[in-house]
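2 protein chains.
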Amino acid sequence: MSKPLLAALRSEKPTRTPLWLMRQAGRYLPEYRELRAKAGGFLDLCYNPAYAAEITLQPLRRFDLDAAILFSDILVIPKALGQDLRFETGEGPALPPIRDLAGLEKLDQSRFLESLSPIFETVRRVKTDLPPQATLIGFAGAPWTVACYMVEGGGSKEFAHVKSWAFRDPDSFQVLIDLLVEKTIIYLSAQCDAGAEAVQLFDSWASALPPAEFNRWVIQPTAKIVKALREKHPHIPFIGFPRGAGFGFERYVRETGVNGVGIDQNVPADWARDHLQPLTTVQGNLDPILLLTGGNRMEEEANRLLETLSPGRFIFNLGHGVLQQTPPDHVARLVDLVHGKNG
Amino acid sequence: MSKPLLAALRSEKPTRTPLWLMRQAGRYLPEYRELRAKAGGFLDLCYNPAYAAEITLQPLRRFDLDAAILFSDILVIPKALGQDLRFETGEGPALPPIRDLAGLEKLDQSRFLESLSPIFETVRRVKTDLPPQATLIGFAGAPWTVACYMVEGGGSKEFAHVKSWAFRDPDSFQVLIDLLVEKTIIYLSAQCDAGAEAVQLFDSWASALPPAEFNRWVIQPTAKIVKALREKHPHIPFIGFPRGAGFGFERYVRETGVNGVGIDQNVPADWARDHLQPLTTVQGNLDPILLLTGGNRMEEEANRLLETLSPGRFIFNLGHGVLQQTPPDHVARLVDLVHGKNG
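Chains E and X, in that order, give the protein sequences. Here this note's numbering runs 545 ahead of the position in the first sequence, where the first position is 1. Here this note's numbering runs 545 ahead of the position in the second sequence, where the first position is 1.
Simulated from the structure, these hints should not be mistaken for lab results. Glycine is no exception: its CB is placed at the ideal position from the N, C-alpha and C atoms. Take the hints with a grain of salt, since some may be wrong.
When the alpha-carbon atoms are kept at most 30 Å apart in a straight line, the in silico DSS-like pairs for lysine-lysine are as follows [stated by the list, open to error]: (1) E/K672 x E/K583; (2) E/K651 x E/K769; (3) X/K772 x X/K672; (4) E/K702 x X/K672; (5) X/K583 x E/K702; (6) E/K583 x X/K702.
If you want the footprint, here are the derived chain E segments under chain X, 3+ residues with CB under 8 Å [stated by the list, open to error]: (7) 704-710; (8) 745-758; (9) 809-822; (10) 836-849.
Here are the in silico distance ranges between beta carbons for each label pair [said to hold, decoys possible]: (11) X/D609 x E/P873: 56 to 64 Å; (12) X/E557 x E/S701: 38 to 46 Å; (13) X/G857 x E/G585: 56 to 64 Å.
Starting from the given sequences, assemble the full structure and let the hints guide the process.
So this is what it looks like as structure tokens:
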């Protein structure tokens, strides 16, 4: 009998509706905050396999979840490519921006796998201690989203630099994307070798692109990664999460060949049922603010999601990550509700 | 013969494809920066009719545009309701947040119209100097978006406070929304009395709400405003702009009764042609980054938009506001292209 999450992704009938939550390990848990206070900065946690494995498993000690997702960050790839990366408290990530190929060529990529090796060790450690029902999910940032951070030098509202580069000189921007495709394949493949049982590709800024560019910089790179990973690891299911893709979700699913698609909370569940579930497993999409709020409205919406989507291929999740101020009790209630109704 | 923009909104055949740009008056224009340096802060400009009228007209002196849009800010309504409002340089707006009805009741609303009177004077002045082809558009922020700022106390990524209030206690949140509906009707109506020939309602954060809440906090308040304004000013066309509404655009158009709908750059033009143009006039949606970038890619996309949408009811615009770093030459080129092709 497959684990519930793997069954859902393989279009088998799972023993219960599988459930996990994006950012389920993190700042809303007191045991995380305690560990972080000891360890130093966020990156010190990511690159320390003992800490990162412990944090990955913390939510599974509290809640009956169907997946553990590697505690790490999508920006470990730029760092492994030689781009300096810092997290200032409350400020988000900061990198010296790369605005053209000359900037890209200056990076020292020679320590790529060495830089990522603590992460593979984390995967191995988590795998050893994983509860039997839980699937270990590895992940990476998608090339477009990682490129956004590399070019902007951090988060952005407008994505003016990266979009300008992509619009003005797509051929040279393609070089950056191709590099990220190649390295993401290597990175995800090594996570699978270390014990990841499924992978998710986070394209958090997919919404920043109009349709033609969405195709070139989101769909096509993802399709290449899915194909290459499937050749190396045919049994590892692949979840894509092009957050905010809106009208682009259907084409994304058709043309990338993902086994599952994460949908954000802006996608109506009945639309996902009618247009995406016939093609793939749907994962989502309770609004994280509802989890923060809790109470009747959360339960009402969770039940509505289950009614609409759990008759088909479905993994219960949020539409985006757990928010820092979320009371852990609300998570416990949600897990009970999802499993009680379907377990 | 109607002015081109009014003709498009009245489903008459315009003499040319009407064109204006959101945030067409502003920081990308050197003459704006010069005037601002003299005047002081951003709000000093908004509340000074001589300055605000001059700024409103600046882009029409440079470019052959089909509309002037009142230079103002959506947050003049909270300010008129007695909530303190500041703009710190580079920081965006800051207001002392209102998190419940007790906070709302503390506001001194007694100077509402008095506070807004300089804005009506601006409308009158602009109307006097308006080029003959141009339509004067008044505007307001939509209740949901204005409530976001009032409750969060400024901009936000997650909208945790305002959404929590709306999810947890919709009946009390309705009081805030109803107040904003009532005041927005008064405000827009006074703009029409002063000379506005069309109005636009900006719902910049419409994308923050899942479908049930989108209906209650975006569609229903907008429908009430459209209805009330149409009773008072039956000849003034109404444009709604629920930015990022995605799957919600069609329902928004059907249920609000707007004469035109602004679409952001994430909406595929062919989808808008097939699903929205049969119902209303479509306004949009070139990516502002393409205007910043200029060159072939901008022209290619502008031509594609014209081919797809200008056979139907259409107003050429951006999908969001002009970005500060945009070269004015790119705007000139775009105006030539849109009017050259169709003028």
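Tested hints:
1. With a CA separation close to 24 Å, the supplied pair E/K672 and E/K583 stays within the 30 Å bound.
2. Pair hint E/K651 plus E/K769 holds up; C-alpha atoms about 26 Å apart against a cutoff of 30 Å.
3. Distance check on the hinted pair: X/K772 and X/K672 sit about 25 Å apart at the alpha-carbon level, within 30 Å; holds.
4. Distance hint between E/K702 and X/K672 is unfulfilled; the C-alpha atoms sit about 34 Å from each other, more than 30 Å.
5. About 29 Å separates the Cα atoms of X/K583 and E/K702, which keeps this hinted pair within 30 Å; it holds.
6. Between the alpha carbons of E/K583 and X/K702 the distance comes to roughly 29 Å, so the proposed pair stays at or under 30 Å and holds.
7. Residues of the stretch 704-710 of chain E with a Cβ under 8 Å from some Cβ of chain X number 4, which satisfies the need for three, so the listed coverage holds.
8. Only residues whose beta carbon comes within less than 8 Å of a beta carbon in chain X count, and the stretch 745-758 of chain E has 4; three or more means the coverage holds.
9. Chain X is given as covering the stretch 809-822 of chain E, and this holds because 5 residues of the stretch bring a CB closer than 8 Å to a CB of that chain, at least three being needed.
10. Counting residues of the stretch 836-849 of chain E whose CB lies closer than 8 Å to any CB of chain X gives 6, which reaches the minimum of 3, so the coverage claim holds.
11. Taken as a hint, the range 56 to 64 Å holds for the pair X/D609 and E/P873, whose Cβ atoms sit roughly 60 Å apart.
12. Take X/E557 and E/S701: their Cβ atoms lie about 41 Å apart, and the range 38 to 46 Å holds.
13. Against the hinted window of 56 to 64 Å, the Cβ-Cβ separation of X/G857 and E/G585 comes to about 59 Å, which satisfies the hint.
When held up to the earlier numbered hints, the structure conflicts with hint 4 and nothing else.
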